[in-house]
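Residues per chain are reported as follows:
4 protein chains.
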Amino acid sequence: MTADDLVELRRELHRRPEPAWREFYTTARIVDELESRFGDELAELHVGPEAIDVDNRLAVPDDAELTHAFERARETGVDEDVLESLEGGYTGAVAVLEKGEGPTVGLRVDIDGLPRAESDDPDHEPVAEGFRSEHEGAMHACGHDAHATIGVGVLEEIVDSDFEGTLKVFFQPAEEVIGGGKSMAKSEHIEDVDYLLATHIGLDHPTGEVVTAVDGFLAVSHLEAEFTGEPAHAGGHPEQGRNAVQAMATAVQNLYAIPRNSDGPTRINAGIVEGGSAANVIPESASIVAEVRGETTELMEYMVENAERVIESAAEMHDCEVEVELGAQAPSATSDGELATLVADAAAEVPGVETILERDELGGSEDATFLMREVQQNGGLACYVGVGTDHPGGHHTATFDVDEPSIGHGIETLAGAIEQIADERP
Amino acid sequence: MTADDLVELRRELHRRPEPAWREFYTTARIVDELESRFGDELAELHVGPEAIDVDNRLAVPDDAELTHAFERARETGVDEDVLESLEGGYTGAVAVLEKGEGPTVGLRVDIDGLPRAESDDPDHEPVAEGFRSEHEGAMHACGHDAHATIGVGVLEEIVDSDFEGTLKVFFQPAEEVIGGGKSMAKSEHIEDVDYLLATHIGLDHPTGEVVTAVDGFLAVSHLEAEFTGEPAHAGGHPEQGRNAVQAMATAVQNLYAIPRNSDGPTRINAGIVEGGSAANVIPESASIVAEVRGETTELMEYMVENAERVIESAAEMHDCEVEVELGAQAPSATSDGELATLVADAAAEVPGVETILERDELGGSEDATFLMREVQQNGGLACYVGVGTDHPGGHHTATFDVDEPSIGHGIETLAGAIEQIADERP
Amino acid sequence: MTADDLVELRRELHRRPEPAWREFYTTARIVDELESRFGDELAELHVGPEAIDVDNRLAVPDDAELTHAFERARETGVDEDVLESLEGGYTGAVAVLEKGEGPTVGLRVDIDGLPRAESDDPDHEPVAEGFRSEHEGAMHACGHDAHATIGVGVLEEIVDSDFEGTLKVFFQPAEEVIGGGKSMAKSEHIEDVDYLLATHIGLDHPTGEVVTAVDGFLAVSHLEAEFTGEPAHAGGHPEQGRNAVQAMATAVQNLYAIPRNSDGPTRINAGIVEGGSAANVIPESASIVAEVRGETTELMEYMVENAERVIESAAEMHDCEVEVELGAQAPSATSDGELATLVADAAAEVPGVETILERDELGGSEDATFLMREVQQNGGLACYVGVGTDHPGGHHTATFDVDEPSIGHGIETLAGAIEQIADERP
Amino acid sequence: MTADDLVELRRELHRRPEPAWREFYTTARIVDELESRFGDELAELHVGPEAIDVDNRLAVPDDAELTHAFERARETGVDEDVLESLEGGYTGAVAVLEKGEGPTVGLRVDIDGLPRAESDDPDHEPVAEGFRSEHEGAMHACGHDAHATIGVGVLEEIVDSDFEGTLKVFFQPAEEVIGGGKSMAKSEHIEDVDYLLATHIGLDHPTGEVVTAVDGFLAVSHLEAEFTGEPAHAGGHPEQGRNAVQAMATAVQNLYAIPRNSDGPTRINAGIVEGGSAANVIPESASIVAEVRGETTELMEYMVENAERVIESAAEMHDCEVEVELGAQAPSATSDGELATLVADAAAEVPGVETILERDELGGSEDATFLMREVQQNGGLACYVGVGTDHPGGHHTATFDVDEPSIGHGIETLAGAIEQIADERP
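Chains as they are written, first to last, in the UniProt record's numbering: chain A, 1 to 426; chain B, 1 to 426; chain C, 1 to 426; chain D, 1 to 426.
Since the hints were derived computationally from the structure, they do not count as laboratory data.
Predicted model only: the values in this text are computed from it and were never measured.
The beta-carbon is built from N, C-alpha and C at its ideal position, and this holds for glycine as well.
Among the clues, some could well be false.
Unchecked claim - Which residues of chain C face chain D? A partial, calculated answer using Cβ under 7 Å:
(1) Glu65
(2) His68
(3) Pro238
(4) Asn254
(5) Pro259
(6) Ser262
(7) Ser313
(8) Glu316
(9) Leu357
As the list claims (entries may be wrong) - So the derived label-pair ranges between C-beta atoms look like this:
(10) C:Glu321 / A:His237: 33 to 39 Å
(11) C:Asp345 / D:His237: 38 to 44 Å
(12) D:Ala398 / A:Thr76: 40 to 46 Å
(13) C:Glu321 / B:Ala3: 31 to 37 Å
Modelling step: build the complete structure from the supplied sequences, incorporating the hints.
Take a look at the structure:
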């Protein structure tokens with residue numbers, strides 16, 4: 001049900017997965033696809049630094065990682081001009097289609113891969129069919145290759161449709177590190193969007209199911225704390241040290257003990273910690289990479305505020321210094337029921353879609369929420385649509401894969417919803 | 001070997017034990033004894049506020065406790081004039097004997113009881129002999145009744161001796177709470193003391209042993225921390241509380257973890273803690289009564305400084321306030337070998353003294369160190385003398401008692417040493 | 001709107017508040033009222049040990065407290081025979097009215113007071129009207145005096161009505177310590193109940209409001225931990241101690257850090273802690289009085305299990321022993337919509353009831369849930385009904401009071417609902 | 001004052017520093033030197049597995065590291081037969097010289113380098129003189145190159161002297177990780193040693209100073225703890241995790257809080273910690289590399305016992321597993337005064353030695369103590385001799401270096417002492 005050329009596009013993207021802010025090949029490949037398919041039919045095509053607010057990128061990797069990925073992309077032979085415009089980690093694209101008077105509808109799809117190896121099991125479809133990742137240690141293990149393909153496919157459907165209005169497709173980088181959503185939400189391109197659809201494939205729903213409104217996004221924030229003390233010989237002069245590991249351990253214990261909040265669920269995790277250099281040296285440095293979440297942005301901020309105080313007091317307690325850096329963040333968001341209804345109507349018309357679920361809870365985080373809230377705050381409506389796909393392994397695992405017919409379900413459901421939006425302007 | 005009248009004095013004091021700063025009866029009884037025995041032979045007799053520096057009393061109990069003890073003393077029929085001069089907890093006395101040209105020698109004895117009940121076992125000597133404590137919940141469980149008696153006895157020996165010089169006997173209040181030593185050390189009476197002897201009975205040495213120099217006093221400081229947070233319903237709104245018990249628990253854990261110090265032994269103890277009011281209320285208050293010690297005053301101060309920082313950071317961590325109050329303190333001190341030698345010589349002459357030990361480590365704290373350091377800083381010498389006594393129960397226990405002949409050992413050893421000091425001026 | 005004689009009953013109960021398991025006067029007074037009003041009309045009247053399962057009383061106070069309250073009750077001149085049957089803290093009553101063929105409907109009202117002083121502000125209605133608590137340190141600060149009165153009032157309404165079936169009114173002791181619900185739920189009297197109504201007045205709803213189904217009861221469990229270590233002199237031999245305060249502090253920190261649970265809200269509070277005896281003694285004992293809660297009984301049990309493991313490991317870590325005792329517990333429960341609808345219908349007929357709310361979240365705990373679950377597990381239906389009352393002070397505060405007309409609202413609403421239940425058998 | 005050929009030997013060893021159990025080149029080079037210098041004059045020469053008790057090696061690195069170092073040694077062209085006997089990390093040597101009837105004297109020198117880079121400052125003598133380390137990331141930063149040279153030099157002195165008895169020189173591997181001392185102490189070669197000398201250069205004493213007895217070795221033990229829990233999505237299902245980082249942090253806090261011990265100084269350090277894999281995953285693993293010390297072996301064992309209990313309870317508290325492995329250990333030891341006196345006498349005869357200190361406290365740890373205790377327990381005497389050297393940088397720093405004339409001081413002092421031992425048999 002998915003056109004062969006789109007399947008081919010998805011497999012090419014799958015073969016070259018690029019993690020956050022390194023989607024050099026990916027962006028150039030998408031741009032090439034858009035230009036060759038639509039040419040002048042597109043009113044605008046914003047690429048790289050033109051597609052995002054460059055001051056609002058979050059969680060950008062260091063130069064060495066960017067350069068490595070950039071050089072690797074160059075070797076693929078993609079358009080040099082496009083590639084060079086992306087240098088330094090300014091990836092992503094926004095395609096704009098104008099078809100007469102009508103509302104502006106946005107579709108957000110994300111395009112980044114994950115820093116994990118792909119299975120080489122011969123039964124793993126990408127192995128069997130020859131499109132397994134060629135980038136060592138990287139994989140499209142969350143279906144963003146399919147999302148990018150859906151973005152192209154929806155444009156194609158709308159070009160050929162009776163839709164009247166403007167369609168903007170946001171090919172967003174760096175979702176996996178909740179790093180790209182904010183930079184797209186703060187770009188000028190979102191400002192006139194009246195209706196926004198975002199989408200995700202899988203999420204433990206099988207091929208043939210559509211969830212018209214995914215909800216339960218927890219707002220999230222990353223925190224990194226670097227504790228600095230003073231080393232000393234642990235046998236000779238322990239009192240001369242200022243022990244960064246004691247500070248860190250005190251912080252960890254008290255982070256998890258931040259009071260539960262009666263306004264809704266919260267989360268805290270000190271996910272990566274380390275400290276010290278040798279058994280016989282009082283540790284002079286230690287670090288925590290943590291994340292906090294909340295059902296609402298307010299609850300997330302409650303956790304951030306408490307976590308910062310705990311960390312700073314723990315440092316002070318052990319006479320250490322600490323740098324706390326807030327990393328990537330994403331707010332919570334809620335899908336609007338009016339849009340969900342239209343999605344349901346559209347899905348009902350799609351061959352192969354057999355089950356339509358009204359609501360489902362994600363229970364995780366997503367930075368599409370930045371765009372959703374931006375649109376909602378401007379008076380628009382937003383909805384996050386789940387498209388089922390049979391996936392053999394779980395999200396983020398080595399054997400994750402997309403059942404390709406479901407890409408078509410996504411394209412048709414979303415295109416149908418977009419047409420209805422233009423008709424009904426809910 | 002101890003004169004009957006002195007045994008009688010000791011037993012009267014034993015019958016009316018008075019804890020720190022409440023030695024109303026005790027002081028008045030001692031003054032009465034001094035006046036009736038020595039009358040005008042004493043050059044000076046300073047009582048209560050005249051005996052101490054009133055601005056340097058530490059760990060004074062509250063008015064209710066002072067008043068209760070004062071009224072109880074009044075009922076014993078002691079001299080009203082003396083008693084009234086002590087009102088408000090200004091206890092203790094300094095007796096001065098002048099006998100011609102010569103050095104000024106000080107003898108410090110402490111006089112307070114302990115806030116603990118005495119055994120009523122019929123085999124307990126004070127029970128059998130009818131001088132068990134008549135003050136409920138108080139007891140001379142550390143032999144200070146014997147110390148006061150020794151002070152009187154030494155005066156008597158010296159009055160009748162060839163000693164030439166000045167003898168000052170310091171009857172010090174409030175040793176048990178390390179509260180009185182500083183106020184005596186800061187009084188004018190210590191200023192001209194050239195040689196100081198302090199003494200303690202027992203210390204796990206049997207009758208017949210004398211320790212010429214007790215050492216190893218740890219400097220000590222008490223700390224009290226009162227944490228204040230905010231209550232909240234633990235089920236309904238835990239996030240609205242500011243949890244003083246969490247702050248206290250964090251402090252306790254980190255207090256014990258203050259780094260060991262290579263300069264010498266240190267100690268820390270959170271001896272009494274409490275907090276909270278009900279199972280279902282986030283605790284709004286909590287407290288810690290702690291003490292820190294160090295082999296030297298510097299080490300004690302190292303512990304105080306770290307403890308304060310830990311406590312304040314723990315409060316801040318849980319968004320609580322905290323009041324930290326430093327309580328009573330005593331420095332460390334070391335006995336001078338020159339005096340110890342004279343004590344050994346004197347002890348060798350005392351019938352019944354069979355073993356003379358040069359040095360022993362106390363491993364605890366004592367506020368005689370305030371007076372010892374004061375004298376040493378003025379260029380004088382000081383020595384802390386242990387006098388063995390068979391004590392059935394340990395110090396501070398309900399069955400502690402003094403073997404009365406050892407009181408005589410103490411009197412004769414100290415009087416002998418004082419005579420030798422005047423002779424030899426080491 | 002509330003009959004004068006019922007107002008008088010409520011005030012008499014208010015004047016003699018009796019906390020958990022000490023409702024001696026209260027039970028005897030209710031029994032007297034029932035007998036004088038209904039005499040032989042009652043098919044059964046079970047009192048004290050006959051009303052409850054004596055093996056399932058929770059949180060019973062010690063003998064001294066029971067005796068004190070018992071003697072105080074005796075002085076009021078209530079029926080000696082009834083009183084004696086209650087001796088030892090076997091309080092409460094179950095009144096059974098049989099009126100022909102029909103369902104068995106239960107009504108549960110609680111009758112205990114709280115251990116807190118009542119305001120003596122002249123503006124406080126019980127002061128102004130002369131029915132302030134005569135029991136020092138005790139108060140009906142949660143309206144259970146009104147609940148007991150409602151129980152009597154409903155019986156009276158039903159006696160005079162067309163109701164066909166059996167009505168059982170459970171006058172339950174010890175709700176405030178979640179101590180009595182289980183013993184009533186485990187008694188034989190609940191076994192044949194087809195429909196159960198429970199009720200509470202106030203809950204921040206004003207006079208004239210009725211909440212047809214209060215929900216959101218958190219399951220709750222109390223825990224008490226007694227840590228035992230070994231004392232030692234903190235200066236002399238700290239290594240000989242086994243520090244119960246360190247164990248307690250470690251437990252406290254880790255109790256609050258029990259992982260949040262994605263299945264729903266949980267709570268933990270170490271509400272009362274204490275430990276140690278003196279600044280210079282390594283603490284040999286310490287204790288925690290804690291409570292845990294969960295949205296469901298499973299979540300509460302998740303917290304209990306984790307809390308027990310934390311406490312036991314903390315003791316072991318510091319080489320201490322610990323006794324963990326689970327105190328009173330209550331499960332969660334949910335009101336059945338079918339009954340709530342009937343309550344709404346009944347409330348709509350009551351003059352003075354102006355607002356009917358469908359559902360409200362309590363966000364606390366209640367041991368009526370024991371009875372509700374018992375009935376539901378037997379295939380019956382249960383509903384917890386809120387009756388608004390203007391209360392000047394909050395629940396459990398010194399100025400709480402009941403606006404007496406609302407007692408009538410409660411009686412009529414519940415009686416109306418009971419009649420409808422018999423008619424409609426939902 | 002140091003012979004040129006010995007300076008040359010020291011520089012060759014310096015050029016090829018090999019850390020613990022990887023002294024392949026070093027051992028072969030020493031063996032070569034011994035054979036070429038002494039040939040058949042040596043009664044025995046035990047190499048590698050023949051020199052040590054192979055079952056008592058501690059802190060052996062993994063195979064990859066051993067193989068890498070072995071292959072590197074092979075490339076230097078040292079004797080293949082010797083080299084192969086060392087394969088697998090069985091390094092070190094014992095040379096035995098027999099010269100008639102007399103006592104057996106042992107001399108222990110250590111030979112391993114450190115895993116740290118050497119300064120490339122042109123002013124750093126090894127750079128200026130062209131013998132800087134050729135092994136990247138390794139350096140003789142503690143003077144063991146000089147120690148090995150002293151061992152050879154002392155043999156040469158004794159060969160040419162009037163000494164009567166047996167001299168055994170122990171070229172010990174793996175001192176820096178306290179890994180080799182035990183395996184030499186448990187070998188048969190130590191059994192008949194009557195007198196043992198061990199030596200260290202530097203220790204903040206300048207050239208021209210000798211310390212006849214270094215003391216104050218703290219007994220030490222390494223501990224490694226590996227915590228294993230269960231990962232879970234920190235946002236989605238935190239309750240499904242078993243958090244190894246929480247266990248580790250609880251352990252760290254309580255390790256530092258192990259009670260101080262009145263029997264003497266103790267130490268604890270959690271020197272290296274780490275845990276977790278990603279911000280959004282409940283950490284399934286964590287580790288602590290710690291060390292404990294004590295003034296005596298008993299105090300060290302007190303710390304080990306407490307540390308193990310803390311770690312195991314912390315794991316249990318968070319439902320994790322933990323493997324605790326005791327790493328390398330060394331006991332405390334005390335130099336015998338009788339030997340120290342002879343060393344002083346010998347040093348007084350050495351030109352260039354200007355200051356002789358009787359005792360100095362090391363305040364660290366050393367595994368020579370294994371050999372010292374073994375000899376002492378067999379009824380022999382042992383002494384640890386410090387030989388001053390001007391060292392520009394501190395021990396273990398990048399600019400550490402030995403002032404070469406002091407090598408001669410060491411040789412002559414030790415050889416002189418060995419001769420006197422044979423003469424005087426103290």
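Hint check:
no. : hint                            : in the structure
1   : Glu65                           : violated (36 Å)
2   : His68                           : violated (41 Å)
3   : Pro238                          : holds (5 Å)
4   : Asn254                          : holds (6 Å)
5   : Pro259                          : holds (5 Å)
6   : Ser262                          : holds (5 Å)
7   : Ser313                          : holds (4 Å)
8   : Glu316                          : holds (5 Å)
9   : Leu357                          : violated (33 Å)
10  : C:Glu321 / A:His237: 33 to 39 Å : holds (37 Å)
11  : C:Asp345 / D:His237: 38 to 44 Å : holds (43 Å)
12  : D:Ala398 / A:Thr76: 40 to 46 Å  : holds (45 Å)
13  : C:Glu321 / B:Ala3: 31 to 37 Å   : violated (52 Å)
Consistency note: the structure conflicts with the earlier hints numbered 1, 2, 9, 13.
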